[in-house]
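Novice: Turn these sequences into a full structure, and let the hints steer you where they fit.
Sequential numbering of the sequence shown, starting at 1, is according to this note's numbering.
Fair warning: there could be bad hints in the mix.
Claimed, not checked - In silico DSS-like links for lysine-lysine, alpha-carbon gap of 27 Å or less:
| id | residue 1 | residue 2 |
| --- | --- | --- |
| 1 | K56 | K301 |
| 2 | K192 | K220 |
| 3 | K192 | K221 |
| 4 | K106 | K301 |
Claimed, not checked - Label pairs and their calculated CB-CB ranges:
| id | residue 1 | residue 2 | range |
| --- | --- | --- | --- |
| 5 | G365 | D52 | 37 to 47 Å |
| 6 | F357 | G299 | 23 to 33 Å |
| 7 | K235 | R178 | 15 to 25 Å |
| 8 | A63 | V231 | 52 to 62 Å |
| 9 | D358 | V231 | 21 to 31 Å |
| 10 | S285 | D358 | 16 to 26 Å |
Read the hints as simulated data drawn from the structure, not as lab findings.
Note that this is a predicted model, so its numbers are computed, not measured.
The beta carbon of each residue, even a glycine, is placed where N, CA and C say it ideally should be.
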Amino acid sequence: MKKLLSMLLASAMVLSLAACGGGGDKSQGGQQSTPGSQSGSSQGNVSTPADDPMAKLIEAAKAEGELVVYGSCEEEYLSAACEHFQELYGIKTTYQRLSTGEVQAKIEEENGNPSADVWFGGTTDPYNVVAAEDLLEPYAAINASHITKDVYKHADNMWHGIYTGILGFMVNKDELDRMGLEAPQDWDDLLKPEYKGLIWLSNYNTAGTAKLVINTMIQKKGHDAGIQYLVDLDKNIEVYTKSGSGPSKNVGTGECVIGIGFLHDGITQILDNGYGNIELIIPSSGTSCEIGATAIFKGAKHSNAAKLWIEYALSPDCVNQADEVGSYQFLVLDNAEQPQAAYDFGLDPNNVMDYDFDDATKNIGTYVEEVMNALANSGANTGDTGRFQTE
Numbered sequence: 001m002k003k004l005l006s007m008l009l010a011s012a013m014v015l016s017l018a019a020c021g022g023g024g025d026k027s028q029g030g031q032q033s034t035p036g037s038q039s040g041s042s043q044g045n046v047s048t049p050a051d052d053p054m055a056k057l058i059e060a061a062k063a064e065g066e067l068v069v070y071g072s073c074e075e076e077y078l079s080a081a082c083e084h085f086q087e088l089y090g091i092k093t094t095y096q097r098l099s100t101g102e103v104q105a106k107i108e109e110e111n112g113n114p115s116a117d118v119w120f121g122g123t124t125d126p127y128n129v130v131a132a133e134d135l136l137e138p139y140a141a142i143n144a145s146h147i148t149k150d151v152y153k154h155a156d157n158m159w160h161g162i163y164t165g166i167l168g169f170m171v172n173k174d175e176l177d178r179m180g181l182e183a184p185q186d187w188d189d190l191l192k193p194e195y196k197g198l199i200w201l202s203n204y205n206t207a208g209t210a211k212l213v214i215n216t217m218i219q220k221k222g223h224d225a226g227i228q229y230l231v232d233l234d235k236n237i238e239v240y241t242k243s244g245s246g247p248s249k250n251v252g253t254g255e256c257v258i259g260i261g262f263l264h265d266g267i268t269q270i271l272d273n274g275y276g277n278i279e280l281i282i283p284s285s286g287t288s289c290e291i292g293a294t295a296i297f298k299g300a301k302h303s304n305a306a307k308l309w310i311e312y313a314l315s316p317d318c319v320n321q322a323d324e325v326g327s328y329q330f331l332v333l334d335n336a337e338q339p340q341a342a343y344d345f346g347l348d349p350n351n352v353m354d355y356d357f358d359d360a361t362k363n364i365g366t367y368v369e370e371v372m373n374a375l376a377n378s379g380a381n382t383g384d385t386g387r388f389q390t391e
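Specialist: Set out below in structure tokens:
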């Protein structure tokens with residue numbers, strides 16, 4: 001039913017997505033795993049040679065018997081991934097869903113004595129910050145051989161990518177029609193006065209999605225012009241949600257008329273929550289994409305279970321569950337099955353701007369501070385937690 005609905009809705013969106021093309025290379029899906037990777041749900045019970053490094057890792061992880069996960073993907077995906085890991089290996093797995101900004105703040109405060117072992121999901125800008133602070137543990141994963149591009153992995157193995165998602169707009173077509181407004185087609189359109197109070201974005205301090213917006217604007221427009229754009233955009237923003245997916249969850253109801261976020265979150269609202277009044281828009285002048293990742297915290301108390309988690313997260317055992325629980329990001333593994341729904345809606349993981357990850361890594365902390373200061377200097381009450389949400 002979801003696939004049929006996606007095809008019907010996708011055909012109605014062609015005009016909005018035409019500038020970015022559709023399709024993408026779907027030839028990667030369905031390939032077999034290489035030796036040492038996990039491609040079937042029975043993998044945890046398969047007898048393997050005693051000198052097999054994966055077998056040794058499984059044995060050591062089982063001896064530890066426990067794993068604690070902080071997840072910044074959606075709750076349904078986090079829950080499914082953790083429960084399946086526990087089912088496969090018999091390792092008690094507990095988890096908590098936090099935004100990337102919350103995880104970053106927590107790990108920085110704990111400073112090498114983390115209350116969790118691994119981080120799962122969420123865009124990599126905050127990962128890179130804590131990696132630079134020496135708060136992640138490098139691990140050269142066996143299953144990293146399936147990662148399709150070097151950019152999808154930290155150069156020093158501090159984190160490994162598992163998915164990628166496209167930044168764009170989600171709009172409530174019914175509300176725009178009622179107001180007699182056209183949908184925005186590009187970033188500068190969002191500055192039009194008729195959109196005042198209609199736009200939602202996530203909080204720059206708490207959400208990796210919002211940090212990606214900062215970097216995208218600075219890279220597209222230049223440092224000063226990019227920050228000024230965000231100051232001008234603030235005049236039209238009603239709410240900054242704690243989590244990056246917050247805007248998408250309020251578009252279908254009409255509480256948010258225009259949401260800025262990842263378009264796969266919009267697909268979830270359309271297919272899984274039945275909001276056919278949502279339209280997805282890729283900015284016509286170009287946009288960026290996130291890399292969703294997984295990593296081990298430095299000082300993890302269950303280090304072998306943490307390493308086994310990374311191997312699991314880089315396998316079809318884990319990532320192929322995403323589509324089943326309403327997470328439609330493109331997967332970055334050559335042996336994973338890509339989400340057909342994302343293609344049906346015309347998304348293309350290769351049709352994004354050339355994003356400077358190095359600049360984002362080195363400077364995002366400074367950029368966030370500069371943006372928040374610029375907003376305060378322009379008159380925005382950045383201490384208003386009703387608008388700049390932290391809960």
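Novice: Are the hints correct? Go through all of them and say.
Specialist: Here is what the structure says about each hint:
{"no.": "1", "hint": "K56 with K301", "result": "holds (18 Å)"}
{"no.": "2", "hint": "K192 with K220", "result": "holds (19 Å)"}
{"no.": "3", "hint": "K192 with K221", "result": "holds (18 Å)"}
{"no.": "4", "hint": "K106 with K301", "result": "holds (16 Å)"}
{"no.": "5", "hint": "G365 with D52: 37 to 47 Å", "result": "holds (42 Å)"}
{"no.": "6", "hint": "F357 with G299: 23 to 33 Å", "result": "holds (26 Å)"}
{"no.": "7", "hint": "K235 with R178: 15 to 25 Å", "result": "holds (22 Å)"}
{"no.": "8", "hint": "A63 with V231: 52 to 62 Å", "result": "holds (54 Å)"}
{"no.": "9", "hint": "D358 with V231: 21 to 31 Å", "result": "holds (26 Å)"}
{"no.": "10", "hint": "S285 with D358: 16 to 26 Å", "result": "holds (23 Å)"}
Taken one by one, the earlier hints all hold for this structure without exception.
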